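Colleague: One-letter residues, chain by chain:
2 protein chains.
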Amino acid sequence: MVVSSEIREGELAVEMPPARDAGLVFVGRIRTPWTSRLEAPRQGRLDGPVCRLEIFEPWVPALKGIDFYSNLEVIYWLHLSRRDLVLQSPKNNKSTRGTFSLRSPQRPNPLGTSIVKLVGIEGNTVLVRGLDCLDQTPLVDLKPDRCEFTPLAGDLEGE
Amino acid sequence: MVVSSEIREGELAVEMPPARDAGLVFVGRIRTPWTSRLEAPRQGRLDGPVCRLEIFEPWVPALKGIDFYSNLEVIYWLHLSRRDLVLQSPKNNKSTRGTFSLRSPQRPNPLGTSIVKLVGIEGNTVLVRGLDCLDQTPLVDLKPDRCEFTPLAGDLEGE
Numbered sequence: 001m002v003v004s005s006e007i008r009e010g011e012l013a014v015e016m017p018p019a020r021d022a023g024l025v026f027v028g029r030i031r032t033p034w035t036s037r038l039e040a041p042r043q044g045r046l047d048g049p050v051c052r053l054e055i056f057e058p059w060v061p062a063l064k065g066i067d068f069y070s071n072l073e074v075i076y077w078l079h080l081s082r083r084d085l086v087l088q089s090p091k092n093n094k095s096t097r098g099t100f101s102l103r104s105p106q107r108p109n110p111l112g113t114s115i116v117k118l119v120g121i122e123g124n125t126v127l128v129r130g131l132d133c134l135d136q137t138p139l140v141d142l143k144p145d146r147c148e149f150t151p152l153a154g155d156l157e158g159e
Numbered sequence: 160m161v162v163s164s165e166i167r168e169g170e171l172a173v174e175m176p177p178a179r180d181a182g183l184v185f186v187g188r189i190r191t192p193w194t195s196r197l198e199a200p201r202q203g204r205l206d207g208p209v210c211r212l213e214i215f216e217p218w219v220p221a222l223k224g225i226d227f228y229s230n231l232e233v234i235y236w237l238h239l240s241r242r243d244l245v246l247q248s249p250k251n252n253k254s255t256r257g258t259f260s261l262r263s264p265q266r267p268n269p270l271g272t273s274i275v276k277l278v279g280i281e282g283n284t285v286l287v288r289g290l291d292c293l294d295q296t297p298l299v300d301l302k303p304d305r306c307e308f309t310p311l312a313g314d315l316e317g318e
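Line by line, the protein sequences are chains A and B.
The opening position of the first sequence corresponds to residue 1 in this note's numbering, with each subsequent residue numbered one higher.
The opening position of the second sequence corresponds to residue 160 in this note's numbering, with each subsequent residue numbered one higher.
Possibly wrong hints are sitting among the right ones.
Claimed, not checked - List time: in silico EDC-like cross-link candidates among lysine to aspartate or glutamate, alpha-carbon distance up to 16 Å:
id, chain 1, residue 1, chain 2, residue 2
1, A, K64, B, E170
2, A, K117, A, D67
3, B, K223, A, E11
4, A, K117, A, D145
5, B, K253, B, E170
6, A, K94, A, E6
No lab work stands behind these hints: they were computed from the structure.
On a predicted model such as this, the values are computed, not experimentally measured, just so you know.
Here chain A stands alone, though its shape is the one from the complex (with noise of 0.2 Å):
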């Protein structure tokens, strides 16, 4: 069973430095079918089921464009996650990994990042398919997938 703050045999925390160097502001919530973590995917398919990205003002203006894109990276908060763990036991079984070769949502600053599929936009929502977090997640950022995106502007010429 998924518990998040136990520790399990040889795993590793540490004392979690204050937190302070930057701070986020959340840009909307995420709506998806899992409200506990034993029934969300460990990670998400492009043919999930169909979520929404709700986008709170002031940056609603922020979508507009966004439809020029069919795929999309999207930054969440894990917001349920302990911080402090630098050996993980992902199998619990005494086998350990440090915390930046896992895709674990326990790590000193819990962001998790998926890319999606655009399905839609209705007002301030957007919604996509290929997320695997909680009901409530907090958003972080959405932009375009890198591999479809080409920087507008040019290199030094300003072009």
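With chain A held as given, fit chain B onto it using these hints.
Modeller: Chain B in isolation, oriented as in the chain A frame:
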């Protein structure tokens, strides 16, 4: 010329809400050859110069096992960016696009993400190719590329 503080014709800035919804701890520092935005490439290239991710304590043990992967996802804080733009004019020609439809560094939470190639590890430092950020950019997170990573724990079975 790229000037981070200017507002161009047609661009829209909003009153930036206090960025206190969550706090980041910088887990390292990125060393690149670029010290000004005029020099930095608009997008990283996997055959670009080797850059260094210097990991701070107490996070160095979190690197364990990272050499298992050839591609990593790097998340960093674009510390020189303004955060209040919702409409931007990348070509400075009055035509605007929403911030969420751009990969511009100017965004409410100025997080950059790159996929990089792992070149090597030297103590607390990870050598990679593929970045485009400025020297001294704060490092926020490091994880295996999603395409290469398979969750180690099984679904539900608790494998």
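Colleague: Against this structure, judge whether each hint is valid.
Modeller: Results for each hint:
Taking the CA atoms of K64 (chain A) and E170 (chain B), the gap is near 12 Å; set against the 16 Å cutoff, the hint holds. Distance restraint check for K117 (chain A) and D67 (chain A): the Cα-Cα separation of roughly 11 Å lies within the 16 Å cut-off, and the hinted pair is therefore satisfied. Proximity of K223 (chain B) to E11 (chain A) is assessed by CA-CA distance (about 12 Å); at most 16 Å being required, the pair is judged to hold. Taking the CA atoms of K117 (chain A) and D145 (chain A), the gap is near 10 Å; set against the 16 Å cutoff, the hint holds.
Proposed proximity of K253 (chain B) and E170 (chain B) is supported: the alpha carbons are some 8 Å apart, at most 16 Å. Restraint check for K94 (chain A) and E6 (chain A): satisfied, since their Cα atoms lie roughly 14 Å apart, inside the 16 Å limit.
The structure fails none of the hints (numbered hints given earlier).
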